[in-house]
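Based on the provided sequences and hints, a complete structural model is requested.
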Amino acid sequence: MNHRQIVEAKLLEVGITLSNDDLEQLTTAYAALLEWESVVQGMVRPETEPALIFKAAVED
Amino acid sequence: MARSSSEFAYMSLAEAADLIKNGELSPVELTQAMVERIAALDSQVHAYVTVFAEEALAAAQEAEEQIRAGDYRGPLHGIPLAVKDIYEAGRTTGGSKLRRDYTAQQDCTSVAKLKQAGGLLLGKLATYEFAAGTPTLASHFQPARNPWNLEIDPGGSSSGSGAALAAGMIFGAMGSDTGGSIRWPAFCCGIVGMKATYGRVSRTGVFPLSWNLDHTGPMTRTVQDSALMLQACAGYDPLDPASAKVPVPDFSEKLGRDIKGLRLGIPRTLFQDNCGEEILATFDAAVTQMETLGAEIVDVESITLGELQATFWPLTCADAAAYHLADMQTQAEDYNQDLRLILALGNLVRGTTYLQCQRVREQIRTQLLQQLETVDLFMLPTTGVMPAPIRSDSPGLYLMAEDFAIYTPLFNLTGFPALALPCGFSSSGLPIGFQLAGRPFDEATVFQVGHSYEQSTPWHTRHPSL
Chain A
624 MNHRQIVEAK
634 LLEVGITLSN
644 DDLEQLTTAY
654 AALLEWESVV
664 QGMVRPETEP
674 ALIFKAAVED
Chain B
16 MARSSSEFAY
26 MSLAEAADLI
36 KNGELSPVEL
46 TQAMVERIAA
56 LDSQVHAYVT
66 VFAEEALAAA
76 QEAEEQIRAG
86 DYRGPLHGIP
96 LAVKDIYEAG
106 RTTGGSKLRR
116 DYTAQQDCTS
126 VAKLKQAGGL
136 LLGKLATYEF
146 AAGTPTLASH
156 FQPARNPWNL
166 EIDPGGSSSG
176 SGAALAAGMI
186 FGAMGSDTGG
196 SIRWPAFCCG
206 IVGMKATYGR
216 VSRTGVFPLS
226 WNLDHTGPMT
236 RTVQDSALML
246 QACAGYDPLD
256 PASAKVPVPD
266 FSEKLGRDIK
276 GLRLGIPRTL
286 FQDNCGEEIL
296 ATFDAAVTQM
306 ETLGAEIVDV
316 ESITLGELQA
326 TFWPLTCADA
336 AAYHLADMQT
346 QAEDYNQDLR
356 LILALGNLVR
366 GTTYLQCQRV
376 REQIRTQLLQ
386 QLETVDLFML
396 PTTGVMPAPI
406 RSDSPGLYLM
416 AEDFAIYTPL
426 FNLTGFPALA
436 LPCGFSSSGL
446 PIGFQLAGRP
456 FDEATVFQVG
466 HSYEQSTPWH
476 TRHPSL
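In order, the protein sequences belong to chains A and B. The working numbering applies: residue 624 is where the first sequence begins, and numbers increase by one. The working numbering applies: residue 16 is where the second sequence begins, and numbers increase by one.
Be careful, since some hints might not be right.
Claimed, not checked - Cβ pair distances, simulated, as ranges: (1) Pro253(B) <-> Glu670(A): 28 to 36 Å; (2) Gln628(A) <-> Gln382(B): 44 to 52 Å; (3) Gly665(A) <-> Ala300(B): 29 to 37 Å; (4) Glu670(A) <-> Asp288(B): 50 to 58 Å; (5) Glu670(A) <-> Asp418(B): 32 to 40 Å; (6) Ser642(A) <-> Thr381(B): 22 to 30 Å; (7) Pro253(B) <-> Leu675(A): 18 to 26 Å; (8) Thr389(B) <-> Glu672(A): 39 to 47 Å; (9) Glu672(A) <-> Ser407(B): 20 to 28 Å; (10) Glu670(A) <-> Asp408(B): 41 to 49 Å; (11) Ser58(B) <-> Glu672(A): 51 to 59 Å.
If you are wondering where the hints come from, they were derived from the structure by calculation, not from laboratory data. By construction, the Cβ of each residue, glycine as well, lies at the ideal position given by its N, Cα and C atoms.
Below you can see the structure in the form of C-alpha cells.
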C-alpha cells in the first residue's frame with residue numbers, strides 16, 4: 624500500500640472521512656510523521672522510561 | 016471632567032492599581048475607558064469575540080464600593096481583564112464553528128480566582144481554533160490582527176490576548192500555551208507572556224489541546240504586571256489532575272534585584288543555524304545587554320530544532336486527536352482545514368511512537384534539569400521567523416514545516432516556566448522578542464531577570480499607533 628492508501632485506511636478504521644484535498648495534504652504530513660518517528664527512535668536511550676501523566680498516590 | 020480612554024490605554028496594570036488603591040481613579044471610569052477604546056478600535060483589531068460591557072461596568076461599580084468601604088483585595092481589584100476564549104466563562108466559542116453557541120454554566124477556576132482577587136472580566140479574546148487551528152479570512156470567526164500592522168498575524172494561538180494588550184484594550188489577559196501559544200503572540204505583539212510551570216496555574220475549565228503539554232498563564236504589557244496576575248491565579252486546584260500541590264511564593268519579591276552573577280545558559284545548537292538574521296542580531300544584542308547588567312553567559316548543549324519538532328508534534332497531535340475524536344467522526348468539515356489536518360494526523364500516530372516521544376521527552380527534561388544545576392536560567396529567541404500576513408485560505412500544516420523555526424515547545428516538553436518579552440523591532444517595525452526559562456516553580460527568578468532587562472531597555476514603552 625502507498626502512503627495515501629495507508630492514511631485513508633487508518634482514518635476509515637476510526638470512522639473519519641476526509642476530502643481528496645485533505646488526504647493529499649495529510650499524505651505529505653504522514654511522510655513527515657514517519658521521519659519524526661525515525662528521528663525519535665534514534666534519540667531514545669534504552670534505560671529511559673516515558674514521562675506519563677498519572678498519580679501514584681493521593682497527596683496529603 | 017472624565018478622562019479620555021487614550022489616557023489609560025497604555026498604563027500598566029500596576030500603575031492603574033496604585034491609582035485605584037489611592038482613590039485617584041475609579042474602576043468604573045477605567046472600565047468605561049476600555050469599553051470605549053474597544054468600541055473605537057476593535058473593528059480593526061478583532062481581538063475580542065465577546066465583550067461583557069454591562070457586566071464589567073456593574074462589577075466595577077461593586078468594586079468601587081468595596082474599596083471605598085475599606086475592603087481592598089489587592090492590585091487586581093477593579094482592574095478590567097480578559098481571557099482567551101477557551102477559558103470557560105459565559106459564551107465560550109473556542110474560536111470554532113463547533114462551539115459557536117456554547118455558554119459555560121460556570122466560570123473556570125482561573126476566572127474564578129481572578130474575580131476573587133477583584134479583577135473584572137471584560138471579555139473573551141480571539142483564539143486560534145481550539146488553541147491550534149490558524150484562522151483565516153474564510154474562518155467562521157474573524158482572525159485577530161496585529162496592532163503593529165493590521166495585515167499581519169498577531170501570532171497564536173492566544174492571538175486576541177496579544178492583540179488586545181498591544182492595542183491598549185485591556186490591562187491583563189490569560190492565555191494558554193501548548194507549544195508556544197502564549198509566547199509566540201507575545202513575540203509578535205511586543206508584549207510579555209508567562210507560560211508558568213506545568214501545574215502552577217489550573218487548567219480546569221480550559222478547553223484542552225494536549226493534556227501532556229497544555230500550560231496556562233498571564234499575558235501583560237510589563238513583567239511586573241505578569242507577576243501580579245500570576246499571584247492571583249496560581250495555586251493548587253484539586254479539580255485539575257495535573258495541578259501541582261506546591262506553595263505559591265511572592266512572585267514579585269525579586270523584582271528590582273540586580274542580576275549580577277546570575278548565569279544564563281544559551282542553547283545555540285537549537286537556533287543558531289535556522290534563526291532569521293534580524294531576529295538573531297536582535298537577540299544577540301539582548302544577550303549583550305544581559306552581560307552589561309552583570310549576568311554571566313554560558314553556552315549549553317541542546318537538541319536540534321529537528322529533534323524538538325520530532326518529539327513535540329506526535330504528542331500534541333495524538334492528544335488533540337483523542338480529545339476531538341467524536342467531533343471528527345461526525346462533523347470534521349466544520350473544523351478549519353489546518354486543525355482538521357492536525358487532528359487527522361494525530362489519529363495516525365502509533366502507540367509505540369507516542370511512548371518513544373514520551374521517553375525522549377524525559378531525557379530532554381533530565382538533561383535540562385542537570386544544566387540548571389550550573390546555570391540559573393536559559394535564554395534564547397522565542398522564534399526564528401516573523402509572523403506572516405493574515406491568510407485568506409487555510410495555510411495547511413505550516414506550523415509543522417521544517418522551516419517554521421519556533422523554539423518554544425522545548426519548555427512545554429519540560430514543563431519549566433518560560434517568559435517571553437520584547438527585545439527590539441524589525442526593520443519593518445514589527446516587534447522581536449526572546450524567552451527566559453527557569454527551574455520548575457521558580458517563576459520569581461525568571462521574573463527577576465526579565466524585569467531587570469525590561470527596565471534597562473525602552474521596548475515596553477513603545478506602542479503601535481492606532
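Hint check against the structure, violated hint numbers in rising order
Result: hints 2, 4, 6, 8, 9 break, sorted rising.
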